[in-house]
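Residue 565 in our numbering sits at position 7 of the sequence shown; the count goes up by one each step and never skips.
Among these hints, one or two may not hold up.
[Unchecked claim] Per label pair, the in silico range of CB-to-CB distance:
1) Ala622 x Asp596: 27 to 33 Å
2) Met561 x Gln628: 18 to 24 Å
3) Arg566 x Gly604: 18 to 24 Å
4) Glu580 x Gly604: 33 to 39 Å
5) Leu599 x Leu627: 17 to 23 Å
6) Asp629 x Glu598: 17 to 23 Å
7) Arg566 x Ala618: 16 to 22 Å
8) Gly616 x Glu589: 15 to 21 Å
Hints are computed from structural coordinates only; laboratory data are not their basis.
Virtual Cβ for every residue (Gly too), placed ideally from N, Cα, C.
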Amino acid sequence: MPMVAVQRNSASTFVYVAEPVEGETEPNGREARIRRIDVELGGRRGEYLEVRSGLVQGMALVVAGMSRLQDGQAVRLLESHQEAAQ
Numbered sequence: 559m560p561m562v563a564v565q566r567n568s569a570s571t572f573v574y575v576a577e578p579v580e581g582e583t584e585p586n587g588r589e590a591r592i593r594r595i596d597v598e599l600g601g602r603r604g605e606y607l608e609v610r611s612g613l614v615q616g617m618a619l620v621v622a623g624m625s626r627l628q629d630g631q632a633v634r635l636l637e638s639h640q641e642a643a644q
């Protein structure tokens with residue numbers, strides 16, 4: 559997981575993921591809800607960290623703008639730059 563996704567406070571280490579809201583779509587993207595997930599981290603390799611627990615492969619990890627997010631907040635998912643390039 560990219561190191562930039564990791565947040566810490568005095569009680570825990572956590573990340574934010576965006577979970578799509580089933581059946582709801584916006585013209586410019588898909589509706590989603592933000593969920594805060596506590597994680598246990600392992601080793602570091604360059605700019606990436608090993609996740610020992612908390613995440614499941616395929617979750618949409620938030621890697622920017624985390625300071626403005628709250629658990630349960632509604633957001634809109636847009637195409638990533640990588641998807642747009644394909």
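Hints, one by one, checked against the model:
no., hint, verdict
1, Ala622 x Asp596: 27 to 33 Å, "violated, 20 Å"
2, Met561 x Gln628: 18 to 24 Å, "holds, 22 Å"
3, Arg566 x Gly604: 18 to 24 Å, "holds, 20 Å"
4, Glu580 x Gly604: 33 to 39 Å, "holds, 36 Å"
5, Leu599 x Leu627: 17 to 23 Å, "holds, 20 Å"
6, Asp629 x Glu598: 17 to 23 Å, "holds, 19 Å"
7, Arg566 x Ala618: 16 to 22 Å, "holds, 21 Å"
8, Gly616 x Glu589: 15 to 21 Å, "holds, 18 Å"
Hint 1 from the list above is the single one not met by this structure.
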